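Undergrad: Read off the chains here:
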Amino acid sequence: MAEKILEVEMVTPEKISFREPADFVVIPAFQGELGVLPDHAPSLVQLKVGEVRVTKGGQVHHFAISGGFAEIKKNKISLFAETAEMADEIDAERARQAFERAKAETLKPGLDPLTMAGAEASMRRAQIRLQVASKRSR
Amino acid sequence: MASLREIRRKIKSVKSTEQITKAMKMVAAARMRRAQQAILAARPFAVRLDELCRGLAERIGKNSASDSANFPASLKRYFQSNSQGASLIVLIAADKGLCGAFNSNLIRASLGWMQRQNHKFYAITVGRKSRDFFKRLKGFDCEVLHEMTGIFPKVSFTHAEILGQEILKAYFEKNLSNVIVVYNEFKSVAQQKLVEFPILPIAPLAKALPGSLVDYEFEPKEDVLLEALLPRYLKAQIYRILLESQAAELSARMNAMDAASKNAKEIRASLNLSLNRQRQAMITKEIAELVGGAEALAS
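Chains as they are written, first to last, in the numbering used here: chain A, 1 to 138; chain B, 1 to 299.
Hint data in this document are derived by calculation from the structure and do not stem from the laboratory. Owing to the predicted nature of the structure, the values given are computational and were not obtained by experimental measurement. Treat the hints with care, since some could be wrong.
DSS-like cross-link-like pairs, simulated, lysine-lysine; straight-line CA separation at most 25 Å [claimed, not checked]:
#	chain 1	residue 1	chain 2	residue 2
1	B	Lys221	B	Lys10
2	B	Lys221	A	Lys73
3	B	Lys10	A	Lys15
4	B	Lys169	A	Lys48
5	B	Lys96	B	Lys25
6	A	Lys76	B	Lys207
7	B	Lys76	B	Lys135
8	A	Lys73	B	Lys96
9	B	Lys221	B	Lys207
10	B	Lys96	A	Lys74
11	A	Lys74	B	Lys221
12	B	Lys135	B	Lys169
13	B	Lys120	A	Lys48
14	B	Lys10	B	Lys25
15	A	Lys76	B	Lys135
16	B	Lys262	A	Lys15
Among chain B residues calculated to face chain A with C-beta under 7 Å, some are [stated by the list, open to error]:
#	residue
17	Ala41
18	Ala42
19	Phe133
20	Phe140
21	Cys142
22	Val144
23	Glu217
24	Phe218
25	Glu219
26	Pro231
27	Tyr233
28	Ala236
29	Gly292
Distance ranges between label pairs, derived from CB positions [stated by the list, open to error]:
#	chain 1	residue 1	chain 2	residue 2	range
30	A	Asp23	B	Leu111	56 to 64 Å
31	A	Glu100	B	Glu51	34 to 42 Å
32	A	Asp23	B	Glu51	26 to 34 Å
33	A	Gln97	B	Ala269	52 to 60 Å
34	A	Lys135	B	Leu98	46 to 54 Å
35	B	Glu143	A	Pro113	40 to 48 Å
36	B	Ala30	A	Glu20	30 to 38 Å
37	B	Ala206	A	Ser134	40 to 48 Å
38	B	Thr158	A	Gly32	50 to 58 Å
39	A	Glu20	B	Leu40	33 to 41 Å
40	A	Glu20	B	Ala41	14 to 22 Å
Backbone N, C-alpha and C define an ideal beta-carbon position, used for all residues, glycine too.
All chains, please: the whole structure from these sequences, using the hints.
TA: Written out as structure tokens, the structure reads:
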């Protein structure tokens, strides 16, 4: 059987952080998770803060990304994100601290909506990173 | 004529200056190499983002990328200037001196720009030298909206994000007419080019590559996508500008320190010469005295 392989590319402003073939990719699209197999229809999708799962030969890689875009061409998917971190790279302790800090920030009384939104966003980011980091050993 | 001791002291001080300038040069050179690599690494992201923006704009603008008239109102503002509004200048200078004319060129250019403004304007400063310049500035109706210092020589995309956020906030809240970024571009190791870059409103995008984004599915709709993409596009540009400025600063410092080391070497050589000459003169004098004394005894 002629195997179709999906090429995954993660581009951040600082570097191309990941470029590997894969069988199956799940991305956190704007309106819910989106699974991408080879021969997917070409599309342009906005991503939210979330987790990307790249499956290759039964092995799953987890990434935490902080919003961006995905361009899906025939057998190639390019993810543009401000940050993309692999599960192994995440410092779980630091993420946990960031989470606690952001959580404390959101609980402060009398916060203006802008700071509140910022704190909530960083809380969400930290949460995703924690979630991804916990899947490292699996 | 200075005494031997004085000359020796001077030589010592020139020597230590030379060592410092040499060390600074080497540090700047190493950092510059890294800064150049960062510019190259940032390129794919910026290029692809540019392509996507062009493709999307072309689809929304009914097949003419430059025609923003067909855009929904929220997008139009990115491309169209508010001629009544004030201007914003973003001056990107270094945190430190000792880099030749790097900072003074920037300051001269921005002064020229300010003199052309005929009403109030706003400023955002990046780098300590830029901040200090605006603090000292008198006689202009200028309000500094944001200051950013201590980001060089380790610029990351986070800095570009913060700066981009501030610029966009100012642009929309103050209803500005345009935003200009003044910075030094890295042309080559020996050359920096001063650039006044109009970042907002966005210049008409170039035509998309043929066949890009044809038959695509979009989630969400094209215009919503483009609206989310444009801030990122700007931030990617700002990131490139910061990286350029960083590499330019380092190369300017490298050249300045190279020249300083050469000068120190020259001074040291001439001091050494006069030291040796004087020592020789003293020895000759002593011999003459000795000979004279011996002759007096002999006679």
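Undergrad: If a hint holds in the structure, say so; if it does not, say that too.
TA: Structure-based check of each hint:
1. B/Lys221 / B/Lys10: 73 Å, violated
2. B/Lys221 / A/Lys73: Holds: B/Lys221 and A/Lys73 sit about 18 Å apart, inside 25 Å.
3. B/Lys10 / A/Lys15: 49 Å, violated
4. B/Lys169 / A/Lys48: 21 Å, holds
5. B/Lys96 / B/Lys25: 14 Å, holds
6. A/Lys76 / B/Lys207: 24 Å, holds
7. B/Lys76 / B/Lys135: 35 Å, violated
8. A/Lys73 / B/Lys96: Not satisfied, since the Cα-Cα distance of roughly 46 Å exceeds 25 Å.
9. B/Lys221 / B/Lys207: With a Cα-Cα distance of about 21 Å, the restraint between B/Lys221 and B/Lys207 holds, given a limit of 25 Å.
10. B/Lys96 / A/Lys74: 49 Å, violated
11. A/Lys74 / B/Lys221: Answer holds: A/Lys74 to B/Lys221 is near 20 Å, not above 25 Å.
12. B/Lys135 / B/Lys169: Holds: B/Lys135 and B/Lys169 sit about 22 Å apart, inside 25 Å.
13. B/Lys120 / A/Lys48: Cα-Cα ~39 Å, so violated.
14. B/Lys10 / B/Lys25: 22 Å, holds
15. A/Lys76 / B/Lys135: 51 Å, violated
16. B/Lys262 / A/Lys15: 38 Å, violated
17. Ala41: With Cβ-Cβ at 4 Å, under 7 Å, it holds.
18. Ala42: For B/Ala42, the interface hint holds, since the closest Cβ of chain A sits about 6 Å away, which is under 7 Å.
19. Phe133: 28 Å, violated
20. Phe140: Since the shortest Cβ distance to chain A is 30 Å, the answer is violated.
21. Cys142: 25 Å, violated
22. Val144: This hint is violated: B/Val144 lies away from chain A, its Cβ roughly 20 Å from the closest one there, beyond 7 Å.
23. Glu217: Holds: closest Cβ of chain A sits about 4 Å from B/Glu217, inside 7 Å.
24. Phe218: B/Phe218 check passes; min Cβ-Cβ to chain A is 5 Å, inside 7 Å.
25. Glu219: Holds, because the Cβ-Cβ distance from B/Glu219 to chain A comes to roughly 5 Å (cut-off 7 Å).
26. Pro231: 11 Å, violated
27. Tyr233: At 11 Å from the nearest chain A Cβ, B/Tyr233 fails the 7 Å test, so the hint is violated.
28. Ala236: Because about 6 Å separates B/Ala236 from the closest Cβ in chain A, which is inside the 7 Å limit, the hint holds.
29. Gly292: Hint on B/Gly292: violated, closest Cβ of chain A at ~79 Å, above 7 Å.
30. A/Asp23 / B/Leu111: 56 to 64 Å: 60 Å, holds
31. A/Glu100 / B/Glu51: 34 to 42 Å: 40 Å, holds
32. A/Asp23 / B/Glu51: 26 to 34 Å: 27 Å, holds
33. A/Gln97 / B/Ala269: 52 to 60 Å: Given a distance of about 57 Å, which is inside 52 to 60 Å, the answer is holds.
34. A/Lys135 / B/Leu98: 46 to 54 Å: 49 Å, holds
35. B/Glu143 / A/Pro113: 40 to 48 Å: Since the Cβ atoms of B/Glu143 and A/Pro113 sit about 24 Å apart, the hinted range of 40 to 48 Å is violated.
36. B/Ala30 / A/Glu20: 30 to 38 Å: Since B/Ala30 and A/Glu20 have Cβ atoms about 32 Å apart, the given range 30 to 38 Å holds.
37. B/Ala206 / A/Ser134: 40 to 48 Å: 45 Å, holds
38. B/Thr158 / A/Gly32: 50 to 58 Å: For B/Thr158 and A/Gly32 the Cβ distance comes to about 28 Å; the hint is violated.
39. A/Glu20 / B/Leu40: 33 to 41 Å: 21 Å, violated
40. A/Glu20 / B/Ala41: 14 to 22 Å: 18 Å, holds
Hints 1, 3, 7, 8, 10, 13, 15, 16, 19, 20, 21, 22, 26, 27, 29, 35, 38 and 39 from the list above are not met by this structure, while the remaining hints are.
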